[in-house]
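S.K.: Which chain is which? The protein sequence lines are Y and H, in order.
Numbering of the first sequence is given in the working numbering, commencing with residue 1 and proceeding in unit increments.
Numbering of the second sequence is given in the working numbering, commencing with residue 1 and proceeding in unit increments.
If you're looking for bench data, these hints aren't it; they were derived computationally from the structure.
To list a few chain Y residues with every Cβ distance to chain H over 12 angstroms, as calculated:
id: 1; residue: N51
id: 2; residue: E54
id: 3; residue: P55
id: 4; residue: N97
id: 5; residue: E138
id: 6; residue: E162
id: 7; residue: G165
id: 8; residue: A171
id: 9; residue: K191
id: 10; residue: R204
id: 11; residue: K213
id: 12; residue: E229
id: 13; residue: P258
id: 14; residue: Y270
id: 15; residue: A302
id: 16; residue: D323
Partial pick of chain Y residues on the chain H-facing surface, computed with a CB cut under 7 angstroms:
id: 17; residue: Q66
id: 18; residue: Y67
id: 19; residue: G69
id: 20; residue: R70
id: 21; residue: T71
id: 22; residue: S250
id: 23; residue: G357
id: 24; residue: Q359
id: 25; residue: K363
Even glycine gets a Cβ: it sits at the ideal position worked out from N, Cα and C.
In case you want the letters, here they are:
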Amino acid sequence: MSFYETITKFEDFDFDAYLQNVTDRDVERSLDRDHLNWRDLLNLLSSKAQNHLEPMAQKARRITLQYFGRTIHLYVPLYISNFCNNQCIYCGFNRTNRINRRKLTFEEIELEAEAISRTEMKHILVLTGEAPDITPLEYIEDAVSIIKARFPSVSIEVFPMEEDGYRRLKAAGVDGMTIYQEVYDREIYKKVHLAGRKADYRFRLDAPERAAKAGLRTVSVGALLGLGEKRREAFMTAMHARYLEDKFLSTEIGLSLPRINPAEGGFQPYDPVDDKTFVQFLMAYRLFMPRSAISVSTRERAEMRDHLMFLGATRLSAGSRTDVGGYTKPETASTAQFDISDVRSVGQTIQAIRDKGFQPVFKDWELI
Amino acid sequence: MQGEDLLAIGGMTFTNRLFTGTGKFASKALIPKMLEASGSEMITVALRRVDFASETENILSYIPKGVRLLPNTSGARNEKEAVRIARIAREAGCGNLIKIEVITDMKYLLPDNHATLLATETLAKEGFIVFPYVMPDLPLARQLEDAGAAAVMPLGAPIGTNRGLETRSMIEILIENCRLPIIVDAGIGRPSQAAEAMEMGADAVLVNTAISSAEDPAAMGQAFSMAVAAGRMAYLAKMREESKTAVASSPLTGFLS
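Bound-form chain Y, shown alone:
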């Protein structure tokens, strides 16, 4: 059994017909439920539900407060390499892009970690492109060990690996992993991933499951909004999270909603997601998955992120850089993966969180 079976099952489902027939009453009924099923999820993701954003917000707020209290977890991304063999037409690291590529040496990783440790941040998300010849598992393992020496919690957002790879990274100090399927629609997946290992849809799809089996504490999934038909993609993302939650009781499942930002290569989203729909999706995720962490990166604007704390977001990145080497020497850093919208410093972000009546949580776990 894999989530792949759910994907193929829903390929025969007429989403358009279902979504068009959702009534206000359907949305209200789904909103009244404590445990939402997949039809409720679709109802809340439908266009009709846009008439019900305020009651959705009230309930999302209440549930978030109940399970997470007035707290916001903070993390910071650390890109250690942007070499990539993949050809993903929406991504700045696309192998055909002529950009400034860098891979940090272990000394440089140490320096970057040191620079970040001068801020309040305690949870690091390590990122790379997918170039196993240049940044093999061993390189990531060593990088994690160096970073782990300074920070209580290290997560990874790197290429998918076999279960044993996740086991090794866990031993090196990793406690969480994020992997975005990017697009659940198999046809579009093929169309936007032209070459490299990432072209293997199934290997990527099952990666969160392998990570959970390997014993990583947190596993987060997401679709890159803008590639596939948005409501279907949001639906499959939440269903993926639910599948993992049901199957791996002791793993904490997280969700993200990255929206396409201008990257090198000037990719235009096929099905852009406006602010209203974005907020609707985030709230639908919260109602469908009450206890899941929902992360919002600096892809989103400061004002948007400040509002989302009240609607279900529980994790924010802060002071982020998406270039390689940017925390120590921005002038010699690589080209960035995507443009950041919320450019506030760590201090400014913390202040904004406090001003909104939330407690920033820096350290949430330490594997000892």
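Given the structure of chain Y, go ahead and fit chain H onto it with the hints provided.
M.R.: Here is chain H on its own, set in the frame of chain Y:
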């Protein structure tokens, strides 16, 4: 009578039977205010969130002297992690008390009774005063007693749900049959539910979410404290049993006596 009604657990005594927690507050600065308003004498803190290295971020510096610290093993997914966290807490100077929380179900956040029992056995032998957080289960409570636990902390409802005493009949069984103090932990959302637990004969309650997530945590802490005291007083005053049938003040069969 009030002054004599002390709660004794693991060689400590408490006058206030409301225990509290440090999680989910909008700001750590609210914690001492809540403690002052509620008079709570023991507060639990998740060791995983304690940043010993930081002055301003170290939650321990927000807990006034005189309030007992009950470190908990929240985040532990098996007995080994719980034991390690407890040892670290002690080494870091957090004292001998430990609330064991082992959760292997991230969907409902229900405690793993088996792993909790194993951790209790180990830690009690090492001299810890152990507060195991468990599903209410009498045979398990007996085993915890044998293992050297200082109290039993059954949940009223899943953590953070505010649903009150959903496990009421099971908790009643514990209260009737356990020698260890019973502290109802988790799920209590309203002061009236805390009062209900105390009326039933619980020895104490631990409330976190309902206080920390309130608009005014200090006032809510005080409200819970009053409810707990009221429930306790009612229990000691030996409330009359509820009756499903009316009890006539001039009984029809009175002439028979």
